[in-house]
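*Asks:* Work out the full structure: start from the sequences and follow the hints.
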Amino acid sequence: KQEVTQIPAALSVPEGENLVLNCSFTDSAIYNLQWFRQDPGKGLTSLLLIQSSQREQTSGRLNASLDKSSGRSTLYIAASQPGDSATYLCAVVYAGKSTFGDGTTLTVKP
Amino acid sequence: DTAVSQTPKYLVTQMGNDKSIKCEQNLGHDTMYWYKQDSKKFLKIMFSYNNKELIINETVPNRFSPKSPDKAHLNLHINSLELGDSAVYFCASRETGLAGPDTQYFGPGTRLTVL
Numbered sequence: 012k013q014e015v016t017q018i019p020a021a022l023s024v025p026e027g028e029n030l031v032l033n034c035s036f037t038d039s040a041i042y043n044l045q046w047f048r049q050d051p052g053k054g055l056t057s058l059l060l061i062q063s064s065q066r067e068q069t070s071g072r073l074n075a076s077l078d079k080s081s082g083r084s085t086l087y088i089a090a091s092q093p094g095d096s097a098t099y100l101c102a103v104v105y106a107g108k109s110t111f112g113d114g115t116t117l118t119v120k121p
Numbered sequence: 146d147t148a149v150s151q152t153p154k155y156l157v158t159q160m161g162n163d164k165s166i167k168c169e170q171n172l173g174h175d176t177m178y179w180y181k182q183d184s185k186k187f188l189k190i191m192f193s194y195n196n197k198e199l200i201i202n203e204t205v206p207n208r209f210s211p212k213s214p215d216k217a218h219l220n221l222h223i224n225s226l227e228l229g230d231s232a233v234y235f236c237a238s239r240e241t242g243l244a245g246p247d248t249q250y251f252g253p254g255t256r257l258t259v260l
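Chains A and B are the protein sequences, given in the same order.
Sequential numbering from 12 applies to the first sequence in the working numbering.
Sequential numbering from 146 applies to the second sequence in the working numbering.
Hints are computed from structural coordinates only; laboratory data are not their basis.
Predicted model only: the values in this text are computed from it and were never measured.
Do not rely on the hints blindly, as some may be mistaken.
Computed list of lysine-lysine pairs in DSBU-like fashion (alpha-carbon distance at most 30 Å, straight line) [claimed, not checked]:
id	chain 1	residue 1	chain 2	residue 2
1	B	Lys167	A	Lys79
2	B	Lys216	B	Lys167
3	B	Lys212	B	Lys189
4	B	Lys212	A	Lys53
*Replies:* Written as C-alpha cells, this is what we have:
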C-alpha cells in the first residue's frame with residue numbers, strides 16, 4: 012500500500028527566502044508525481060507534474076525534483092512571497108489512483 | 146470558463162437525510178474522481194470512473210453511490226448521512242484512465258456539514 016509523507020507539516024519563513032518542501036513515498040512503482048497548492052477554503056491547483064521518467068520540472072520560481080529510487084520528491088520555491096502562503100500537497104499516481112500526502116502549510120511573512 | 150464545477154458549494158443538512166452533489170467537467174476528459182478531505186485536511190480518493198465505468202472503489206460505505214450519466218458528469222449520492230460524513234468533497238478529472246502522465250484538474254469543492 013502506497014504511503015505518502017510530507018515534511019514539515021508547517022513552515023513559516025520571511026519574504027524573500029528560498030525554501031524546500033519534502034515529499035516521500037513508500038512504493039517506487041509510480042506513473043507520475045504531482046504537486047498541488049490549496050488555498051484556505053478553496054480547491055486544489057496543479058503546480059507541477061513530473062512523469063516517472065523525468066527528474067525535474069520547472070515553472071517560474073518553482074522547481075520540483077523526483078528521485079524514484081529513494082522515494083522522494085522536493086518542491087523548491089525561490090524568492091518566496093506572501094502570496095505563496097498556502098498548503099502544498101504532493102500526490103503520487105499509479106494505476107489511475109492518486110495517493111496524497113498530508114500537506115505542508117507554508118506561511119510567508121512580509 | 147470553469148473546467149470542473151461542483152454544486153452545491155455548501156451543503157448543511159440533518160443526520161439521516163439523503164443528499165446529492167453534482168460534478169461536471171467541460172475538458173473532454175475520460176476519467177473523473179471523487180475525493181474526501183476531512184477536518185485534518187487529509188485528501189483521500191473515494192471513486193474513479195472512466196468513460197462512465199467504475200474503475201476504482203475505495204473502502205467507502207455503501208451509503209455513498211456515485212453515478213455517471215455521461216463522460217462529463219459524475220454525481221455523488223449519499224444516503225442516511227452521518228456526522229462523520231462532514232467534510233469537503235472534491236471532484237476531479239483527468240484525460241486518460243489508468244496510465245498516462247496527465248494532470249488532474251480539481252473542482253472547487255463542496256463543504257458538507259451534517260448536524
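*Asks:* Work down the list of hints and note, for each, if the structure agrees.
*Replies:* Hint by hint, here is what the structure shows:
no. : hint                   : result
1   : B:Lys167 with A:Lys79  : violated, 36 Å
2   : B:Lys216 with B:Lys167 : holds, 13 Å
3   : B:Lys212 with B:Lys189 : holds, 19 Å
4   : B:Lys212 with A:Lys53  : holds, 24 Å
In terms of the numbered hints stated before, the structure departs from hint 1 and from no other.
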